[in-house]
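Chemist: Protein sequences appear in the order of chains A, B and C. All residue numbers for the first sequence refer to this note's numbering, where the first residue is 1 and numbers rise by one. All residue numbers for the second sequence refer to this note's numbering, where the first residue is 260 and numbers rise by one. All residue numbers for the third sequence refer to this note's numbering, where the first residue is 677 and numbers rise by one.
No lab work stands behind these hints: they were computed from the structure. Hints should not be assumed to be uniformly reliable.
[To be verified] With the Cβ distance kept under 7 Å, some of the chain A side facing chain B (calculated, not the full set):
| no. | residue |
| --- | --- |
| 1 | ARG160 |
| 2 | LEU168 |
| 3 | ASP171 |
| 4 | PRO182 |
| 5 | LEU183 |
[What the hints assert, rightly or not] Pulled from the structure, derived: some chain B residues nowhere near chain A, Cβ distances all over 12 Å:
| no. | residue |
| --- | --- |
| 6 | ASP327 |
| 7 | SER394 |
| 8 | ARG428 |
| 9 | PRO477 |
Glycine residues also receive a C-beta, built at the ideal position from the N, C-alpha and C atoms.
So you can see what is in the structure, the chains are spelled out below.
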Amino acid sequence: MSWLRRNLVMIVALLVLVYLFVPIAYTIAFSFNNAGRSNLVWQGFTTKNWTNPCGAPEVCSALVNSLKIGFLATVVATALGTMVAFALARHRFRGRSATNLLIFLPMATPEVVLGAALLSLFLNVGLEPGFWTIVIAHVMFCVSFVVVTVKARLAGLDPRIEQAAMDLYADEWQTFRRVTLPLAAPGILAAALLSFALSFDDFIITNFNSGNVTTFPKFVYVSAARGIPAQANVIGTAMFVVALLVVLIGQLLSRRRAV
Amino acid sequence: MAGRDLRLDGLTKTFGSFTAVDGISLDVASGSFFALLGPSGCGKTTTLRMVAGLERPTRGRIRLGDEDITDARPYRRPVNTVFQSYALFPHLDVFENVAFGLRRRRAADVRAKVSQALELVELGHLARRKPAQLSGGQQQRVALARAVVNRPDVLLLDEPLGALDLKLRRQMQLELKRIQTEVGITFVHVTHDQEEAMTMADTIAVMNAGRIEQLGSPIDLYESPATAYVANFLGQSNLLPAAVAHRSAGSVLVDVDGSRIAVPADRCRSAGRDVLVGVRPEKVQLERGAGAPAGMNALSGGLVTDASFTGTSTQYVVRLPSGRQLTAFAQNTGRATVLPVGCSVTVCWDEAHTFGLDGAEDAAAGIETPDGPAAAARAGLPVGHVAGTGPGGAPDEPEAAPGTEAEATAAGGDGRA
Amino acid sequence: MSVTAVAAGTRAAAGPEGAPEEVRRGRRSTPYLLLLPGMAWLVLFFAVPVFALASLSLQTRVPGAEIGVYTQTFRWANYSDALAEYAPQFLRSLLYAGLATLLCLLIGYPLAYAIALKAGRWRNLMLIAVIAPFFTSFILRTIAWRQVLADSGPVTSTLHTLHILPPGESLTASGTAVVAGLTYNFLPFMVLPLYASLERLDPRLVEAAGDLYATAPVGFRRVTFPLSMPGVVAGTLLTFIPAAGDYVNAALLGNPSTQMIGNVVDSRFFRVVDYPTAAALSFVLMAAILLLVTAYIRRAGTEELV
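Please take these sequences and the hints and turn them into a complete structure.
Modeler: Pasting the structure below:
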C-alpha cells in the first residue's frame, strides 16, 4: 500500500501518457484496416494501404503540397527568424520593446484572427488565395517561434567565447563562421524542425488562405464528412514514425556531442 | 626573441557617468611578471580588457614598444588573454582549441606547436577530449596553452585561478610562474588575492577605484606602503594617528597618545603636522610588564585581550590605554611562552620598521570585510584586521562584448564593491 | 573605415598630451539590417492585416452591389450587433476554453511533476512521449477521438454497461466531447511550461520545508506549487488562448448547439459572406482574450513573455 502512495504520481503520469497515445494507437491501427471508402469500422487486417499510399484520390497531391509548403516556409522563416534572433541577442538597438511585442503578438493571437486578418488583406489587395498565400501565412506565424527558439539558444552561449575567438586572431566574420554559428546550430536546427512541424500540421490559418489548394490537414478535415480514406492514416502514421526517429536520433547525437 | 615593453598612457574608461579606469599610466618591462592587484570593481579587469582590445578606451594610449595599438581590433594585436571562465570553445576538442589562434594566423607547423604547448601544461594525453570532459584545473591549463602557443608579446590573465580550490590554486601559481620563466613572455596578471600577487609577480600595481595606489616590487610595497589602502590591502598593518613633535635629518619624532615614537625620515610620507604611524604586526614584540629594549619604539600600558594560536604563530590583540587596538604576530619558534589574556605588556618594535603615512589618510581604507571598511570600524575590529582575502569569484565590473555599445546602466549601479 | 585611417584621424585630432577623442566603431547598422527582413514580413503580414481586419469590421455592404463588396462606413454598430447575436457562442468559447484549461492543469501537473522530479534517466524519453503524439496530424487525432468515443465503440458501450452514461445518450456530438478534445489537443502546451518551471525547482527547498515540520501535501501546497507558478501562468496562457479561438474540435466533435466563436467566424467568411461581422467578432475575441490575460497576469504575476 505504501508502494502505491510513493509511486502514485508516477502512476498517474503514466496513465496520462497512455491517454495521450490512444488516438495515435487508433490511427496506426486503422491504417491497416481493410476498409472501403469509409474507414470507420474494422474490417480486417491488410497492408494494402501501405503498399498503395496514393490509392485514394487527392491524398498524395495534398501531402505533396504540405511538404512543399512546409519546406519553403521553413527555409524562409528560419532564415528571417535567425537573423532577428541574432539582432536581439547580440546587438543593441532602438525599438527593442516594439520588436519584442511584434514578435510575441502572433504567438498570442488566436489562429482564427490571424487567418481572417490575412484573408482580408489578400482580398483587399486582390490577391487570389492559393499556394503562395499559404506559404506567406506559414512564414508569418513561424517566424516568431524561430526567433524565440534561436534566441534562447544564443542566450545560453557564453559571450566570452566570441571574445576569446577575437582575442585569438579571428575577425568578425571568422568568429561568426567558426564559433558562433556552430554553437548556435542546434538551436537553429530545432527552430527549423519546429517550423516544419507547425507548418505541416496547420489547419485553421491554412483553411482561411488556401482557396482551392489542398494541404494534408485540409484534406483530412474535408473528407471527415464523407469518410477519411485509410491512406490518410498511413500518411499520419508515417509522419509520426519519421518525426519520432528524427527526435530520437537528435537525442543520441546530442548526447554523443556533449556540447 | 625579446618581446616589446607594454606602456599605458593615461588610460581612462568611463561608462556614462561612472569612471571605471581613471588615467592609468604604467610600463610593463618585456619578459616580466606584472600583477594588477585590487578588490572587485577597482578597474583592473577593465584595464586588462582595454589592453586586449575587448573594450575601447575613452582616453589614453596603449603602446607595444613603438607601436600604438589603442585602436587596433583584438585580432590584430599580438596580445592573448586567458579568461576567468576559460572561454574554451565547447564544440572543438582540446587540440583544436589550442590550435585556433595558429590556424587563424595561418602559422606553419601547427601540430608541432600545439603538441609543445600541451606538453608545457602537461595535458598532451588529453588532446582529443572535449572541454566538457575536463576538470576545472585541466580547462584552465588548456586556456593557458591556447594563449601561450601564439607567443604573444603580452599574455593577459584575468583572475585565471579564481574558480579553483585552494590547494589547486597554490599549485597553479607555481606552475604559472614556472611557465612564464620558461617561455619568457610578459605576463600581466589580474587578481584580487594579494598573496597570489606577491608570490608570483615581479612588479605589482595596487589599484583602487580606477587609480593606481602604488606600483613596485612586492617587497617595496609590503615594507614601505605609500598609502593606508596599500598598507591594509597587502597583509595587515597597525596604523596609529600621531602628531609630529620634532623633525630632524634622520628621523621624525611623533607623539602617539603621549608616547614618543621615531619614524625614519625617509619612510615618512607626511610633510605636515599629522602622521599616520604604521608598523606590521609581525614586526611587533610584546614585552611583559613595563620594560622595553633600547633603541626600539615602545608603547606601554598595553593589555592582551586576545591570543589565538594558529600553529605557525600566535596572533595577539593588545588594547592600549587610549582604547586603540594593535595586532602582533609572534612566530612559533618554541623559545617564548604564549602570553595569556589579561597580561600587561609593552608593545615595542625596531624603529627602522616604522613607516609614516599622510595624516589625512583613512586608517580603515583597504580593509576588506563583507560590509566594507566602515563596518569593520564599527565592529571594533583592530585596524588592519583581515585584509586581502576578499570573496572569490567574478569581478562585478561592467563588461560588454565587442560589437556592442558599453552598458552604461550595468556599470552605474553595481560597478563598485 | 580602416583601422589605420581611424587611428591616423584620431592621432591628428589629439590634444597636446596625446590624448585623442573617442574611437569611432563602425557597422552600427548591422542590427537594423538583420532585423529588416523578418520584421518587415511581420509588419506586412501581421500588423497590416490586423489593421485591415479592423477596417473591415467597420464596413457595411454596398446596397445593390454583388456579394462581397463593402464600403467603409465606420459603423461601430457592427460590434454591438455581432455581440448581441453571437453572445452565446462567445460565452461558450470562453467556458469551453476555461474548462479545458483547468482540466489540462489537473491532468498535466502530475505528468509534469513526475517528469521533472521523479523520472530520473527516463526524463527525456517521457518528454518525447509527451510531444510525440503531436507528430501526427491534429485533425487525424481529433477524428480518432470521435471514432474512439463513437456509439459503437468500446468506450461508450462500457460506460453504458456501467450505467455512468444513460442508455441512448452518446458521447460524441456533445459539449463534453468538445471540451475533451480541447483538453487532449492542448495538453502538451500545459505540460511543457510546467515541466520547465518544475525542473528549475531546487529540491533542497522541499527538504527544508520537511525539516521545518511540513508534511508532503503541505510542502507541495506551500513550497512546490507557488514556486511553479511561472510555469502555471505560462501553461495556462498557452492553453487558453488558442483553445478559445479553436473551432476544429467543435466542428468535429460537437453539434450545432456547441458552436464556438471560431465556427461563427469561419462560417461568416466562407458560407454566409458577411466579412464585417466576422471581422468584428475576431476583434472582440482578441479583446476578450487580451483582457482576461492582462487580468490574469496581474493577479498571478509573470516576468517575461518572450
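Chemist: For each hint, tell me whether it holds in the structure or not.
Modeler: Evaluation of the provided hints:
Using the Cβ-Cβ criterion of 7 Å, the hint placing A/ARG160 at the interface with chain B is satisfied: the shortest such distance is roughly 4 Å. With its C-beta approaching chain B no nearer than about 4 Å, A/LEU168 sits inside the 7 Å limit, and its interface hint holds. For A/ASP171, the shortest C-beta to C-beta distance to chain B is roughly 5 Å, which falls under 7 Å, so the interface hint holds. Because the smallest distance between the Cβ of A/PRO182 and any Cβ of chain B comes to about 5 Å, under 7 Å, the interface hint for this residue holds.
With 7 Å as the threshold, the beta carbon of A/LEU183 comes within range of chain B, its nearest partner Cβ sitting at about 6 Å, so the hint holds. The claim that B/ASP327 lies off the interface holds: its Cβ sits roughly 19 Å from the closest Cβ of chain A, which is beyond the 12 Å cut-off. Against chain A, the non-interface label of B/SER394 holds: every CB pair exceeds 12 Å, the least being about 15 Å. Its beta-carbon lying about 21 Å from the closest one in chain A, B/ARG428 satisfies the requirement of being farther than 12 Å from that chain.
Taking the minimum C-beta to C-beta distance to chain A, about 28 Å, the non-interface status of B/PRO477 holds against the 12 Å cut.
Checked against the numbered hints given earlier, this structure breaks none of them.
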